[in-house]
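K.L.:
Based on the provided sequences and hints, a complete structural model is requested.
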Amino acid sequence: MFQIRIHGRGGQGVVSASEMMSVAAFHSGRFSMSFPSFGSERMGAPVMAFVRIDDKEIELREPVMDPDLLIVQDPTLFHAIDVFSGLKKDGYVLINSRKSAQELGVEDAVKHLPEGHVVSVPASDLAMKHLKRTTPNTVLLGAFTAMRSDLFDMSAVEKAILEIFPGKVGELNVVAAKAAYETVAQAH
Amino acid sequence: MLRQIDGSFAVAEAVALCRPHIVSCYPITPQTHIVEHLGELVKDGHLKNCEFVNTESEFGAMSLCIGSSSAGARTYTATASQGLLFMMEAVYNASGMGLPIVMTLGNRAIGAPINIWNDHTDAMSARDAGWIQLFVESNQEAVDVHIQAFKLAETLSLPVMVCMDGFILTHSYTRIDMPTQEQVDQFLPPFHARQKLDPADPVSMGAMVGPEAFTEVRYLAHYKQLEALELIPKLATEFDDIVGRDSGGLLKSHYPGDAETVVITMGSVIGTMKEVLTVMRDEGTSIGAVTVRSFRPFPKDELCNMLQNAKRVIVFEKALAVGLGGILSSNVRWALRGIPIPVYSVIGGLGGRPIVRPSLRKLFDAGVKDQLEETHYLDLNLDVVKRQIDRERAQTGSGPAAENILRDIGTVRAAKTA
Numbered sequence: 001m002f003q004i005r006i007h008g009r010g011g012q013g014v015v016s017a018s019e020m021m022s023v024a025a026f027h028s029g030r031f032s033m034s035f036p037s038f039g040s041e042r043m044g045a046p047v048m049a050f051v052r053i054d055d056k057e058i059e060l061r062e063p064v065m066d067p068d069l070l071i072v073q074d075p076t077l078f079h080a081i082d083v084f085s086g087l088k089k090d091g092y093v094l095i096n097s098r099k100s101a102q103e104l105g106v107e108d109a110v111k112h113l114p115e116g117h118v119v120s121v122p123a124s125d126l127a128m129k130h131l132k133r134t135t136p137n138t139v140l141l142g143a144f145t146a147m148r149s150d151l152f153d154m155s156a157v158e159k160a161i162l163e164i165f166p167g168k169v170g171e172l173n174v175v176a177a178k179a180a181y182e183t184v185a186q187a188h
Numbered sequence: 001m002l003r004q005i006d007g008s009f010a011v012a013e014a015v016a017l018c019r020p021h022i023v024s025c026y027p028i029t030p031q032t033h034i035v036e037h038l039g040e041l042v043k044d045g046h047l048k049n050c051e052f053v054n055t056e057s058e059f060g061a062m063s064l065c066i067g068s069s070s071a072g073a074r075t076y077t078a079t080a081s082q083g084l085l086f087m088m089e090a091v092y093n094a095s096g097m098g099l100p101i102v103m104t105l106g107n108r109a110i111g112a113p114i115n116i117w118n119d120h121t122d123a124m125s126a127r128d129a130g131w132i133q134l135f136v137e138s139n140q141e142a143v144d145v146h147i148q149a150f151k152l153a154e155t156l157s158l159p160v161m162v163c164m165d166g167f168i169l170t171h172s173y174t175r176i177d178m179p180t181q182e183q184v185d186q187f188l189p190p191f192h193a194r195q196k197l198d199p200a201d202p203v204s205m206g207a208m209v210g211p212e213a214f215t216e217v218r219y220l221a222h223y224k225q226l227e228a229l230e231l232i233p234k235l236a237t238e239f240d241d242i243v244g245r246d247s248g249g250l251l252k253s254h255y256p257g258d259a260e261t262v263v264i265t266m267g268s269v270i271g272t273m274k275e276v277l278t279v280m281r282d283e284g285t286s287i288g289a290v291t292v293r294s295f296r297p298f299p300k301d302e303l304c305n306m307l308q309n310a311k312r313v314i315v316f317e318k319a320l321a322v323g324l325g326g327i328l329s330s331n332v333r334w335a336l337r338g339i340p341i342p343v344y345s346v347i348g349g350l351g352g353r354p355i356v357r358p359s360l361r362k363l364f365d366a367g368v369k370d371q372l373e374e375t376h377y378l379d380l381n382l383d384v385v386k387r388q389i390d391r392e393r394a395q396t397g398s399g400p401a402a403e404n405i406l407r408d409i410g411t412v413r414a415a416k417t418a
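Protein chains in written order, with this note's numbering: chain A, 1 to 188; chain B, 1 to 418.
The reader is advised that the hints may include incorrect statements.
Stated by the list, open to error - With a straight-line cut-off of 25 Å between C-alpha atoms, the simulated SDA-like cross-links for lysine to any residue are:
1) B/LYS43 <-> B/GLU56
2) A/LYS168 <-> B/HIS33
3) A/LYS89 <-> B/GLU275
If you're looking for bench data, these hints aren't it; they were derived computationally from the structure.
P.N.:
As structure tokens, then:
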């Protein structure tokens with residue numbers, strides 16, 4: 001089972017990101033479950049959402065406490081909460097930032113992870129460019145797909161984005177996600 | 001057809017397959033997405049011959065259900081938490097009048113203190129309101145049970161409340177196998193009301209009944225609920241025959257066989273519990289689990305039969321009857337009155353507190369060794385409670401308890417010297 005914890009702030013599309021990931025996994029023939037954290041959900045407040053992906057039905061409903069992947073939509077959260085809590089030894093970290101983990105001052109928390117498992121993507125910038133707003137969720141989804149394309153591929157991601165955001169909004173988000181995918185795929 | 005959708009969306013689609021004539025809507029978290037999606041389905045023409053009505057309050061929503069069901073319309077609504085409390089007078093009237101309304105309850109705590117997250121306090125507040133109450137474990141069960149609920153309600157002319165955990169089910173995306181319209185039409189015939197307001201054939205509904213017959217009318221309501229004990233498994237079989245899925249009857253035994261320790265619970269928490277129980281069983285511990293689908297009527301004889309060889313029972317529930325303890329456990333004790341085994345009552349998951357494997361493992365380890373108190377509170381931070389008790393004893397003006405406790409645990413940072 002692959003477990004994902006997404007950290008962000010209310011309004012950044014954290015919950016939608018988890019939903020799109022679960023739908024993308026479904027379109028890749030896998031079982032998945034996504035759910036939001038049960039904390040205060042309001043604009044600006046720290047928000048978490050969870051995804052589990054497996055090849056059999058998932059019944060576990062506790063929050064993801066030992067994630068294989070952490071997605072950090074807002075790096076200011078590093079100073080507010082223990083984002084890295086329970087991260088697996090061979091886990092992945094994907095950060096929405098122009099800065100590297102080292103530049104963000106969190107290199108100690110990620111130095112045990114295998115090479116290439118910690119990626120920073122300027123997702124808000126890419127979102128601004130393609131969507132004219134700073135919502136980073138679909139950009140990060142595209143970026144992660146380049147890191148672990150065995151879980152789901154870009155065609156499943158495209159379907160998932162268009163299911164959650166039908167029409168023009170979804171189409172723009174697909175373009176943004178593909179741009180992030182290309183950026184990370186080339187860097188790898 | 002397989003789809004990856006959230007619980008609310010799935011329930012809305014399932015209700016639409018049942019061809020309701022009236023959907024009565026008043027939003028309240030965490031069920032709002034259900035009625036919202038039904039509104040979309042009516043507006044875009046997917047759900048035909050259905051009137052979607054926005055009401056001014058939950059009291060209005062249930063009152064409208066009473067009116068439309070009395071007129072012979074298949075009627076649906078959904079609510080949660082304080083919304084259920086606000087409609088409560090009408091909730092009792094709906095059952096007292098024998099109106100086959102189906103309502104989803106997106107289970108949520110009740111304030112004060114205000115809390116939008118999941119527990120079963122709302123459903124428990126209506127446990128004696130005369131409605132059939134069915135608790136589902138997963139979103140697939142939510143889909144299947146809502147379809148069965150309409151047939152159950154209309155066969156008995158009684159309202160049915162389908163209880164699904166707020167957020168945990170309503171907001172989770174999982175794989176759903178949606179029955180087809182043909183299958184649902186085959187299972188659920190058109191609604192023929194047992195009683196109907198009709199100007200051509202006038203009747204009086206909701207007549208005043210004095211002491212001379214009130215006991216008989218109430219006893220009849222009880223008798224009808226007991227009929228549901230036979231009908232619920234029968235409908236589950238019919239559904240299985242058509243749709244090809246066993247979605248459960250009154251109770252569900254998760255590990256058939258005679259376990260020495262049996263955990264009894266309701267709702268979605270069984271998913272996480274099974275992860276723990278499977279590990280313990282693999283280690284050789286004789287432990288199993290039973291979930292209660294039908295809380296009202298309570299299948300006491302069926303439960304008693306299932307537990308003939310149990311050495312102890314651990315009842316886990318997401319509600320607390322202040323001044324007594326467990327509610328489900330009290331019902332289980334009544335069911336097991338002839339069997340002299342310990343019944344441990346465990347209260348957990350209140351107001352959305354996550355129920356996690358390490359806490360459950362510790363609980364069950366203590367349980368199998370008979371080392372639990374009669375009533376145990378999962379992950380209770382007693383120190384915090386004691387601090388507030390001490391404050392209240394020391395000061396007459398110790399202030400609001402909820403805020404004091406939030407300050408003690410650091411959620412509220414504002415410094416105040418108490």
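K.L.:
Taking the earlier hints as the rules, which of them does this structure contradict?
P.N.:
No numbers; nothing is violated.
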